[in-house]
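**Student:** Keeping the supplied structure of chain W fixed, place chains A and G upon it in accordance with the hints.
Protein chains in written order, with our numbering: chain W, 1 to 262; chain A, 1 to 353; chain G, 1 to 290.
Note that these hints are calculated values from the structure, not bench results. Among the clues, some could well be false.
[As the list claims (entries may be wrong)] Listed next, the in silico DSS-like pairs over lysine-lysine satisfying Cα-Cα at most 25 Å (straight line):
| # | chain 1 | residue 1 | chain 2 | residue 2 |
| --- | --- | --- | --- | --- |
| 1 | A | 112 | A | 167 |
| 2 | A | 151 | A | 28 |
| 3 | A | 10 | G | 183 |
| 4 | A | 71 | A | 101 |
| 5 | A | 71 | A | 151 |
| 6 | A | 71 | G | 183 |
| 7 | A | 65 | A | 151 |
| 8 | W | 5 | A | 71 |
| 9 | A | 151 | A | 167 |
| 10 | A | 28 | A | 65 |
| 11 | W | 5 | G | 182 |
| 12 | G | 48 | A | 101 |
| 13 | A | 107 | A | 151 |
| 14 | A | 71 | A | 28 |
| 15 | A | 71 | A | 10 |
| 16 | A | 101 | A | 167 |
| 17 | A | 290 | A | 273 |
| 18 | A | 151 | G | 183 |
| 19 | G | 183 | W | 5 |
| 20 | G | 182 | A | 71 |
| 21 | A | 101 | A | 115 |
| 22 | G | 182 | A | 101 |
| 23 | A | 119 | A | 167 |
| 24 | A | 71 | A | 112 |
| 25 | A | 71 | A | 119 |
[Stated by the list, open to error] If you anchor each label on the Cβ, the simulated ranges turn out as follows:
| # | chain 1 | residue 1 | chain 2 | residue 2 | range |
| --- | --- | --- | --- | --- | --- |
| 26 | W | 57 | G | 237 | 49 to 57 Å |
| 27 | A | 352 | G | 201 | 55 to 63 Å |
| 28 | A | 352 | W | 254 | 56 to 64 Å |
No residue lacks a Cβ here, since even glycine has one placed at the ideal position from N, Cα and C.
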Amino acid sequence: MKMSKFFAWLAIAVGVTYFFVPLLGTFEFSLRMRRGEYSLDAYGSVFSDIQFQQTFGFSILMALFTIAFGMLLVVPTAYWVRLRLPQMRPFVEFVTLMPLVIPAIVIVFGYLRLYNSSSYIPFTGSVLGTNILLVMSYITLSLPYMYRSVDTAMRTIDVRTLTEAAEILGAKWPTILFKCIFPNVMSGVLSGAFITFAIVIGEFTMAALLNRPAFGPYLQLVGANKAYEPSALAIIAFAITWLSMGLIQLVSRFGKLTQSRP
Amino acid sequence: MPFLALANIKKSFGQTQVVHDFNMSIEKGEFISFLGPSGCGKTTVLRMIAGFEPPSAGTIHIDGKDQTRLKPNQRNIGMVFQAYALFPNMTVFDNVAFGLKVAGQPKAEIEKRVKEMLKLIHLEHLADRYPYQMSGGQQQRVALARALAPKPQVLLLDEPLSALDAKIRVSLREEIRMIQRQLGITTVFVTHDQEEALSISDRIVVMNAGRADQIGSPSDIYNRPATRFVASFVGTLNIIEATVIDPANGSVMIGDQSVTLRESIADKSGGEKLSLALRPEAGSLAESAKGDTALTGKVVSANFLGSVVRTRINVGGNIISFDMFNSPDLVMPAPDEIVTLRFSAGDLLIIRD
Amino acid sequence: MSTASPLIDRRTIIDWLGIAPFMIFALMFLIVPTLYLVTGAFFTPDGKLTLQNIADLFTPTIMSAYWISIKVSLASSIGGALIGFALAWAIVLGGLPSWIRNGLLTFSGVASNFAGVPLAFAFIATLGRTGLVTVFLRDWFGFNLYSTGFNLLSFFGLTITYMFFQIPLMVLILTPALDGLKKEWREASEILGASTWQYWRMVGLPILWPSLLGTSLLLFANAFGAIATAYALTGASLNIVPILLYAQIRGDVLHNPNLGYALALGMIVITGLSNILYIWLRMRAERWQK
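With the rest of the complex left out, here is chain W:
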């Protein structure tokens, strides 16, 4: 008993050291821009960089499109599979998990060959088309997370009974989907949305290879050319991730509250 407690503390101590030293190091480094004293100059330099504002804005926009269209794809599909095509569940789940197995760089490589400007569907032939392709690639990347969180939320509310109740009351299916199902799986939708946001905001591979002015490639560019700003950016990125995860916890707690209400 005493021994196991000692080892438990030891494991935690090793873990805390491993996780906090890099964060501390990064933070310390980000304050070193002014010679001889700590300052927030690196942050000031980052925030005043016009390219930072543009790429960050672009990535937020892409993230919002990804969440909106991703959910429009995922929620009805998860609903339909639960309600009408339970025999297809293993297959659909398998497909949603594929992006965890096929590396992103392989997927985007396929896009570039399949949808280039001389193909039948020349997505990459125009800026708009490339942006659409980028959003689609982000939906693909976040598919495992979005599907899972929505499907879990649907399991807890028993969509079948809810749907039958709505049908008996005479509701049409768009009403059922948007008025009954969406609000009840909102906690799952929001969790999926925040994790998608965290993934998309700093994503590098897709944006770099599709040549879009996103935040990820910008980060890489800054890293190759500047000294202190990358650390400031790393701290900012960590804060964004922390915020997204914090919101997920908040949402899931809120979701539990509303569900336990009689």
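**Tutor:** Then chains A and G, alone, in the frame of chain W:
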């Protein structure tokens, strides 16, 4: 020297003391039940015998040897848990063999002993099944075989039946008792079900708030409850409040009716309050019924429960439940009807606590 | 009544139409692009069937890229699995105060998603040539980390960086699995005479095996396909498969587009194999589950 002796056992978790000065001597081959409501400390005592919890004070001896500071794996005790606790990654055979394997017994002997155990519980044909493929009753029998396989000195049963269906519960408890008799193994059984404890035990310990209220044979416990708690927890005894009139001849008042007790109350004084117990199956409403004592009251309700009809009668503010056996020509008493319950004065027990 | 069977057909069609958008999406943006590369690996640029691209993978540069990638992925997933297991064990069974458990789980949720370029920055600021730890060791202990042959831009540096998201992922998946180990199993084995070690060997680890193994293989695939961290950390200086493929997509450094397809095919085969291995081992380990 008793086989299993618990002396002055105390147990506290932080500030709260859950077991107060518990003493118990168990003879070899005895079947003892710890009976009480949840939180009475019965499981804690069992877990101290097993060695999962160290007692805050007191000693535990088995067969003359001090076990108080030994770890569970040094005690040679068998235990069956409420939730089966079979290892899900092992077949029935491997589960039963587990204790023998960790003791490093030779393969041939393990196989022989496991087969013997499976035969004992009539599950030889399921040796290759995994726990999830079996019913609760079957799993609990395997758990029993697993506990018995290493030939433990003492068998501990921690509410082993409470997760099962009513029918299985009855048949399995009979099977447990039969196997226990056959092997002559000293057994401690923890339960909150009085019927279970009454039907299976040599002796029962009724526990209340960390103390043993009464230790005795099932019929003692049922017929001669020592405290109000035992009376109310075991069976469905009626507790009747009475006032002493004359300690010398034993007369008391129940509401405005006078009754003479057979038991002596010479140590009481006039006007003192007294609690009496009356079993619901004592007495009769029939005019012709035998009995030297009668109480008259108003019927509150009468419920048909299958084999019996339970009537609740208000006698001077005391609600007395009364059971009579069902028969086709039984007339159920109507609410508000005035009835007279006749019984023997010997059925009225004095509760001293 | 006579219209019954066409009605059923219509309903079936509607049922299938319900997941048509998803199917079209999956085909267009996941399945067809992947298959395109896979088939492309077996053709010459002018459309003739060939195995030459596959054969060309077995040149020293490409082989060493695969080898380093596999080594980094293996090391970071095994290291992540071991340390992650130790941490999950500590918070579930180590008898620590509950705020440590909550804190670690929240942090793991964040850290498992903290990857890519910023993660590389963090490790450069820590273990780079002017990083906090490097400077600290030099100034206080007179110890020059880089004179020992350590280099953040190497196999070891990349492994230690990847573990930053590998460990938390393991913690997140293993904690519920460890919670699922019932206290009674531990007690039953104890009272039957088993030591702590015997309990873990015969009961605890066999029960955890599927999740432990599954997560390790997920971590492997995770590290194998990762590019952003490595690219930001090392530029193009470290020869791993994703970076080689990145360079190939960017500028056809292999001077054969179809060899690029073969390179991608190799990645899919390796992550695919690790998943098949996982499914096979899981089925073996789960004979006792429903």
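**Student:** Hint by hint, say whether it matches the structure.
**Tutor:** For each hint, the structure was consulted:
The suggested pairing of residue 112/A with residue 167/A is violated, with an alpha-carbon distance near 32 Å, which exceeds 25 Å. Proposed proximity of residue 151/A and residue 28/A is supported: the alpha carbons are some 14 Å apart, at most 25 Å. Our distance criterion of 25 Å between C-alpha atoms is met by residue 10/A and residue 183/G, whose separation comes to about 24 Å. For the suggested pair residue 71/A and residue 101/A, the alpha carbons sit about 19 Å apart, so the restraint of at most 25 Å is met.
Between residue 71/A and residue 151/A the alpha-carbon distance is near 18 Å, which keeps this suggested pair within the 25 Å criterion. In summary, the hint linking residue 71/A to residue 183/G is supported, as the alpha carbons are separated by about 16 Å, within the 25 Å threshold. The suggested pairing of residue 65/A with residue 151/A holds, with an alpha-carbon distance near 17 Å, which does not exceed 25 Å. The hinted pair formed by residue 5/W and residue 71/A meets the criterion: a straight-line CA distance of about 18 Å does not exceed 25 Å.
For the given pair, residue 151/A sits about 29 Å from residue 167/A by alpha-carbon distance, which is inconsistent with the 25 Å threshold. Between residue 28/A and residue 65/A, the direct Cα distance comes to roughly 14 Å. Compliance with the 25 Å bound is thereby established for this hinted pair. For the given pair, residue 5/W sits about 19 Å from residue 182/G by alpha-carbon distance, which is consistent with the 25 Å threshold. Proximity of residue 48/G to residue 101/A is assessed by CA-CA distance (about 63 Å); at most 25 Å being required, the pair is judged violated.
A hinted pair counts as satisfied when its Cα atoms are at most 25 Å apart, and residue 107/A with residue 151/A qualifies at roughly 17 Å. Simply put, residue 71/A and residue 28/A have alpha-carbon atoms about 22 Å apart, close enough for the 25 Å limit, and the pair holds. With a C-alpha separation of about 18 Å, the suggested pair residue 71/A and residue 10/A falls inside the 25 Å cut-off, and the hint holds. For the hint pairing residue 101/A with residue 167/A, the CA-to-CA distance comes to about 34 Å; that exceeds 25 Å, so the pair is violated.
Restraint check: the Cα-Cα separation between residue 290/A and residue 273/A comes to about 28 Å, which exceeds 25 Å; the hinted pair is violated. The straight-line distance between the Cα atoms of residue 151/A and residue 183/G is roughly 24 Å, inside the 25 Å bound, and the hint therefore holds. Proposed proximity of residue 183/G and residue 5/W is supported: the alpha carbons are some 17 Å apart, at most 25 Å. Proximity of residue 182/G to residue 71/A is assessed by CA-CA distance (about 20 Å); at most 25 Å being required, the pair is judged to hold.
Straight-line distance between C-alpha atoms of residue 101/A and residue 115/A comes to about 14 Å, which keeps the hinted pair within the 25 Å bound. Note on residue 182/G and residue 101/A: the hinted pairing holds, with a Cα-Cα distance of about 21 Å set against a maximum of 25 Å. Distance hint between residue 119/A and residue 167/A is fulfilled; the C-alpha atoms sit about 22 Å from each other, no more than 25 Å. Between residue 71/A and residue 112/A, the direct Cα distance comes to roughly 28 Å. Violation of the 25 Å bound is thereby established for this hinted pair.
A threshold of 25 Å between alpha carbons decides the hint, and for residue 71/A with residue 119/A the separation of about 31 Å lies outside it, so the pair is violated. The supplied range of 49 to 57 Å is broken by residue 57/W and residue 237/G, whose beta-carbon atoms lie about 32 Å from each other. Range check, residue 352/A to residue 201/G: Cβ separation about 57 Å, and the 55 to 63 Å hint holds. Between residue 352/A and residue 254/W the beta carbons are some 57 Å apart, a value that agrees with the proposed interval 56 to 64 Å.
Taken one by one, the earlier hints fail for this structure at numbers 1, 9, 12, 16, 17, 24, 25 and 26, listed in ascending order.
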